[in-house]
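Peer 1: Chains as they are written, first to last, in this note's numbering: chain A, 327 to 600; chain B, 0 to 264; chain C, 104 to 364.
Some clues are possibly wrong.
Unchecked claim - Sample of chain A residues at the chain B side, in silico, Cβ under 8 Å:
hint, residue
1, Leu500
2, Gly505
3, Arg509
4, Val511
5, Trp591
It should be emphasised that the hints constitute simulated quantities derived from the structure, not laboratory data. Values in this document were obtained by computation on a predicted structure and should not be read as measured data. In this text, a Cβ means the ideal position worked out from N, Cα and C, and glycines have one as well.
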Amino acid sequence: MRINFLNRTRSSDSSRLPLIYGAGSLLVLLILWTLSTSVLGWIDPMTLPSPAEVVARFGNLIVEPFSGSTLAGHVGASLYRWALGVGAAVLLGVPVGILFAWLPGFRAVFNPIFEVLRYIPPFAWVPIAILWFGASTATQAMVVFIAAFPACVINAQLGVQQVDPILVRAARVLGAGQGAMLRRVVVPVAAPAIFTGLRIAISNGWMALVGAELVVGKVGLGFLISQGQNNDSVSTIFVGIIAIGSLGVIIDTLLQRSETVLLPWRKPRAQRDG
Amino acid sequence: MQNQQSTPKLELRNITKWFGPKDTGVCAVDNCSLAVQKGEFICVVGPSGCGKSTLMTVGAGLEQPTEGEILVDGKPAGPPGPQRSVVFQKFALFPSETVAQNIKFGLQMCGVDAKEQERRLVEQLKIMKLEQFRDAYPSELSGGMQQRVAIARSLVMQPEILLMDEPFGALDAQTRTILQEEVQRLHREHHYTVLFITHSVEEAVYLGDRVIVMSRRPGRIKKEISLPRDVVWKRGDIEVAAEHPDFIAARREIWALVREEIIAQ
Amino acid sequence: MTSNKVAFVGAGATLLWVAIWAWLTREGGPVSELFFPSPGDVLDRLIMFWSRPYIGSTLMGHILSSLSIVLAGWVLGGIVGVPLGIAMAWWTRLKWIVFPIFQLIRPVPPLAWIPLTLLWIGIGDAARIFVVFIAALVPWVMNSMHAVYSVDKLLIDAGRTLGANDRKILTRIVIRSAIPTLLAGARIALGNAWTTLVAAELLAATAGLGYVALNASRMLDTDVLVVAMLLIGLLGVMLSALMGLAARMFAPWVKNDRNGG
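Generate the whole structure from the sequences, applying the supplied hints.
Peer 2: This is the structure in structure tokens:
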């Protein structure tokens with residue numbers, strides 16, 4: 327059996343085979359890691375700790391404070407800053423994006439500022455945020471905000487621009503004013519695009535937060551891994567990286583789930599596509 | 000018979016519409032005049048791209064004519080509104096609202112109270128045979144059902160004029176036939192004033208009291224054909240009507256006019 | 104509004120914003136120089152920076168340092184990522200094996216690798232190149248894979264009936280029609296690389312624009328800081344524009360679609 331791109335039978339795609347291969351590959355990776363560290367001792371534990379050490383460190387970080395907080399404390403601090411920054415970006419960015427699409431004049435005036443925000447990478451704002459706010463929550467939140475804001479604006483704008491003009495006409499004929507048109511037609515129809523923007527914003531914000539925490543701060547997951555580096559504790563870094571990655575996945579999954587709840591009229595179409 | 004001297008319900012007077020700057024842009028409609036009497040069903044046919052949809056858009060007030068004026072009951076018509084209701088080819092249902100919410104939309108915009116909204120909704124659902132789809136979203140309905148909802152959404156406003164822009168153009172042939180008969184029935188029972196745009200000659204002959212044939216772009220009115228209104232065959236189903244000698248004669252005459260325009264392109 | 108009018112209003116608005124900036128930061132104005140510099144200060148500093156070194160190098164030196172590391176990481180990412188992505192699309196089994204590992208690494212921000220890299224390789228060019236490489240690798244691989252998937256199966260059938268063997272189909276049909284998507288991936292990879300480099304320079308560098316920005320912040324040189332930020336933005340735009348140009352050169356048959364990202 328040849329399983330490659332030119333093989334057009336799709337039946338193998340729906341089988342369990344990919345799962346078996348995937349699990350096998352991860353298992354082999356784990357075994358190699360275990361063998362080379364704890365069993366055969368090829369690699370110095372200072373360079374790469376064994377899986378068991380990482381798990382032990384994980385348990386340890388949960389109960390014992392490291393660099394001022396337990397793991398929960400670091401996670402909480404990171405989530406709090408992230409929520410502040412992303413929340414502000416969504417509350418400000420989505421209306422701005424809608425207005426950009428709805429009022430070309432508004433867009434023409436504010437676009438120059440937006441372009442500057444958009445093209446300077448979020449991390450380049452870290453130094454100026456430090457200068458303005460010092461090592462405070464505001465610094466981190468500002469960097470998250472700057473990372474999340476453009477995606478909110480761009481996708482809201484795109485969503486509104488893609489609303490079929492015929493719907494706007496239909497609403498006008500039925501006597502809708504600008505307000506009702508936006509509230510009942512334009513925004514709901516643009517909602518899926520806005521949601522996509524939200525997801526991008528949230529993941530951009532999460533990435534930027536880690537970067538900001540690496541540079542400045544006294545608590546948070548980014549700070550935790552930089553402390554791991556300062557204390558030559560690779561296992562701490564590993565725990566931090568795993569926590570950062572899995573929280574990112576959890577947040578995105580929750581958001582994806584909530585989309586079907588919040589936008590119920592999309593369900594049949596999504597099912598048809600799938 | 001209609002009293003031709005009475006003030007028309009809707010009148011388009013010397014309408015010219017340019018897209019883009021005048022004389023360098025595209026002239027979609029050139030000096031068209033058209034009067035729809037109360038209770039009359041007017042069909043406009045013409046080759047595709049002849050500006051018949053533009054005529055409707057201008058008539059609805061959705062776009063301003065470059066020249067000419069729109070009169071309702073002899074007075075200049077204002078901005079678009081529920082007294083001139085429009086049914087679009089692509090249904091234009093609001094995807095985030097259920098059938099009931101879509102139909103109530105216009106009533107809510109006019110500030111009709113909730114009880115009255117509900118009463119008219121129920122009535123309209125019954126007329127359009129949509130009772131069981133009350134809480135469905137448009138994406139869960141077939142094209143024919145969606146267009147029923149769109150028609151219900153227009154009719155519930157009790158519009159003085161109903162403008163329909165190729166309403167069945169996006170439907171399959173079988174669904175189209177059913178809805179044509181439905182519209183025929185509605186008009187017979189409720190005497191709506193209708194301006195109906197179509198590219199189907201059969202549809203125009205079957206539905207229209209008068210059929211207006213437009214020329215190719217720039218759209219001008221080429222000919223107007225009156226069809227007897229209270230003939231027996233119009234009361235029946237379309238496939239029966241289509242066998243009547245008068246129907247065949249009218250269809251031939253109109254098709255010959257349209258064909259000239261298509262070939263001349 | 105016509106596009107001309109929009110451009111006109113946009114230019115006017117830009118002038119207006121610069122004027123507001125100048126007014127706020129004027130001598131004795133409401134915004135202190137320690138908080139944000141005036142446009143004049145920024146311009147003066149930019150000119151001065153051109154010839155006089157700041158923390159070790161002149162402006163050109165820092166720019167070249169940043170650019171060389173970005174390019175090294177990006178090119179390395181491409182060398183590994185493109186063949187890997189194409190192979191993953193071509194041999195489904197390989198995808199089944201490699202993809203889960205990717206899914207594991209993908210949600211981790213590339214920056215999170217910095218502390219590990221610093222421990223493993225130490226502070227130096229290699230550490231930054233490695234982090235940039237990781238940031239660029241994911242878009243390189245994913246887009247190369249999707250580039251192959253997006254090839255019209257009809258073209259492959261056509262090639263087969265014309266007698267092409269599998270290798271010919273890969274080289275003549277698949278890779279060639281995958282070029283536009285590959286280039287799109289290259290552009291995203293470069294963007295990611297640039298963004299990540301700036302962060303890496305904040306943490307582990309002895310030169311580069313991010314390094315300049317962080318030091319300027321510590322020394323309260325707001326004018327240098329803003330110069331560095333603007334240059335980072337400008338260079339990012341230039342890199343992206345260059346990639347757009349490359350796309351038009353290498354895949355002239357594709358209409359350049361504007362991406363909303």
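Peer 1: Are the hints correct? Go through all of them and say.
Peer 2: Verification of the supplied hints:
Checking Leu500 (chain A) against chain B by beta carbon gives a least distance of about 4 Å; that is within 8 Å, so the hint holds. A cut of 8 Å between beta carbons decides the hint on Gly505 (chain A): the least distance to chain B is about 11 Å, and the hint is violated. The closest approach between the C-beta of Arg509 (chain A) and any C-beta of chain B is roughly 11 Å, which is over the 8 Å cut-off, so the hint fails. Interface hint at Val511 (chain A): satisfied, since its Cβ lies 5 Å from the closest Cβ of chain B, which is below the 8 Å cut-off.
This hint holds: Trp591 (chain A) has a C-beta 4 Å from the nearest C-beta of chain B, less than the 8 Å allowed.
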